[in-house]
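Enquirer: So the chains spell out like this:
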Amino acid sequence: MLPSSLTVMLAITILGLLTVAAFGWAWLKGHFDRINQQALIPMDDDDFTVARPWENASQRAQRVEEFGPPHRPATPGIWGGTQ
Amino acid sequence: MSATLPSRVIEYAKPITDMDNLDIRLRADASSRQVALRAFAFAVVWLIVGSVFGMLASLKLHMPDWLVSNAALTFGRIRSAHLNAMAYGWASSAMLGVSVWIIPRLVHTELRVPRAAEAGLYFWNIGMVLGIVGILAGYSDGLEWLEMPRYWADPFFVIGGGLVGLSLLSTIAVREVEHLYVSVWYIMAAFIWFPIIFVVGNWPTFSGVESAAVNWFYAHNALGLWLTPVCLAAAYYFIPKILGRPIYSYQLSLLGFWTLGFFYSLNGMHHLIGGPLPTWMITTSIVASGLMIIPVMAVGVNQHMTLNKRFGALRYSPTLRFIVFGSVAYTLVSLQGVFMAFREVNRLTHFTNVTVAHAHLGLYSFVTMIMFGSIYYILPRLLGREWVSERLISWHFWTVAIGQIVYLVPLTVAGMVQGVAMADPTSTWEQVVKAMLPGLIGRSVGGTLLTIGHCVFAYHVFLMFRGSRSRQGLQPFHEVAPIITRRDKATFVARGAA
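One line per chain: the protein sequences are G and L, in this order. So for the first sequence, the working numbering puts the first residue at 725; every next one is plus one. So for the second sequence, the working numbering puts the first residue at 315; every next one is plus one.
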């Protein structure tokens, strides 16, 4: 039973232990703290303040309320690909 | 200037107010520029090469007497060359480019040792050339997803991947932000997981049943612990960026990442249901496959809720269109995979074209579509110019989107018919093959559409690299403007003065 599965068992164990170790390290280093703020890491100021033409009136009002009026209108290609 | 622009194009004329913020991005992009551009160039070349191999292999399934006089063009070699060119040439090269571009942006620092990353990219692609030539010459290792000759090609992948990984991990180590965004977790993990599974999968001492077990440990994890994490990282980066709102639930995104890490490596053995392996091993794998519902639903719900009530953005952003398509495909392929892991379902689908369709739903509809979307976003920012043609992007999207449906639906149905026919002891093999034939032809039609889409994309990328003049009248968006400034300061000053 073991010879056919030993390698896979060992490899899976190593991967599992690595993940457990990484999880513990992340916990100790505070990577699970201030979760909601972490969601903002990829966002830059202009990600919030460039007008989104697809948003409806209430979504625009919400954006203005949260981030202020748009600094600039959308430009072609800013969303990835020229449209 | 605005008079020369289409009415729906709004001129960018205001000064950049968040220069520090923008400067971080520009520095990050500049540091990864050479590596990412080369990675995308290599990727597109492999996309075309792999598509040609794929077309040949598909046509041979219903034209079996075509191109059989040359051994290099026989189905066994062409099919393996297709898989390897797509998985390691196209998808992996594109992923290396996306990774080296995203990480510096997310950790707010420049890419470290970019020359190592660049050298790694060359090593990787030398390995690809040697590997594909080796397969066509008949030196396949004969292992699924590991056909490239072990001693010719694999050292180049180890060195190449290691050098790119070194560059990325050292960049993360000196990061300017305290926390690691979920995309960084995914990419970092992929560059740690992949070397482990690759070395184990290629270890030359296995034979018999153990070889099969190790092979499927590798093959399944290559999708789940290499291709999947980088593509999810890209989706978690681009969806919030484009929509201008953070991900719906960051907790869910972390849950998805950690449960993928904990459960996925156990999954591979479900490919060997019915094989001569210990029952507990297969059952453990089936249970782990069922548990994959947790990360899959975490990702699916999170991305859907982020996009909720903002689907209009798909009209404005080709990147989002490709990435949302890929994200939906991720949910579908993962749920399909969960069900295919159950013994009752597997009994019908094993050794049939359902598995082939499933693999394409994963590697194409999920991975490839997200890579297309990522490149549409990244390339203008690296080259400092806008995509040449809206129409070409539209043609690309619709040919590959329709092509996938034409490819996947008939092939899945044909696979089910095949499974039922093979389970019927009164069916002859000839009857099974004839029952599959419409699905195999549908696959070739779908594959043709995909190849046309790839040629459109490759041509468009070529125009971008060459620097087409047709878009010079358009003012590029503000992230690109400073890059142009540096290259052509006089023009910028003139514009600013105006």
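Treat the hints as calculated values from the structure; they're not laboratory data. A portion of the hints provided could be inaccurate.
In the EDC-like style, the derived pairs of lysine to aspartate or glutamate whose C-alpha atoms are separated by at most 20 Å in a straight line are [as the list claims (entries may be wrong)]:
| # | chain 1 | residue 1 | chain 2 | residue 2 |
| --- | --- | --- | --- | --- |
| 1 | L | K374 | G | E779 |
| 2 | G | K753 | L | E490 |
| 3 | L | K623 | G | D771 |
| 4 | L | K623 | G | E789 |
| 5 | L | K374 | L | E658 |
| 6 | L | K748 | L | E432 |
| 7 | L | K748 | L | D738 |
| 8 | G | K753 | L | E492 |
| 9 | L | K623 | G | D757 |
Here are some of the chain L residues that sit facing chain G, going by a computed Cβ distance under 8 Å [unchecked claim]:
| # | residue |
| --- | --- |
| 10 | D379 |
| 11 | S383 |
| 12 | A386 |
| 13 | F389 |
| 14 | Y465 |
| 15 | V491 |
| 16 | A527 |
| 17 | F531 |
| 18 | I561 |
| 19 | P592 |
| 20 | N622 |
| 21 | A627 |
| 22 | L697 |
The beta carbon of each residue, even a glycine, is placed where N, CA and C say it ideally should be.
Enquirer: Are the hints correct? Go through all of them and say.
Expert: Here is how each hint holds up against the structure:
1. K374(L) - E779(G): violated (49 Å)
2. K753(G) - E490(L): The given pair, whose Cα atoms are some 15 Å apart, holds under the 20 Å limit.
3. K623(L) - D771(G): holds (18 Å)
4. K623(L) - E789(G): holds (18 Å)
5. K374(L) - E658(L): violated (31 Å)
6. K748(L) - E432(L): The hint is violated at about 49 Å.
7. K748(L) - D738(L): Roughly 15 Å between the alpha carbons, so the hint for K748(L) and D738(L) holds.
8. K753(G) - E492(L): Roughly 10 Å between the alpha carbons, so the hint for K753(G) and E492(L) holds.
9. K623(L) - D757(G): Given pair K623(L), D757(G) is violated - Cα atoms ~29 Å apart, limit 20 Å.
10. D379: violated (40 Å)
11. S383: Since chain G brings no Cβ nearer than about 41 Å to S383(L), farther than 8 Å, the hint is violated.
12. A386: violated (33 Å)
13. F389: Given a least distance of 30 Å, the restraint on F389(L) is violated.
14. Y465: Cβ of Y465(L) sits 20 Å from chain G, so the hint is violated.
15. V491: holds (6 Å)
16. A527: holds (5 Å)
17. F531: With a minimum Cβ separation of about 5 Å from chain G (threshold 8 Å), the hint on F531(L) holds.
18. I561: Holds: closest Cβ of chain G sits about 5 Å from I561(L), inside 8 Å.
19. P592: holds (5 Å)
20. N622: violated (11 Å)
21. A627: Hint on A627(L): holds, closest Cβ of chain G at ~5 Å, below 8 Å.
22. L697: violated (12 Å)
Of the numbered hints listed earlier, those contradicted by the structure are 1, 5, 6, 9, 10, 11, 12, 13, 14, 20 and 22.
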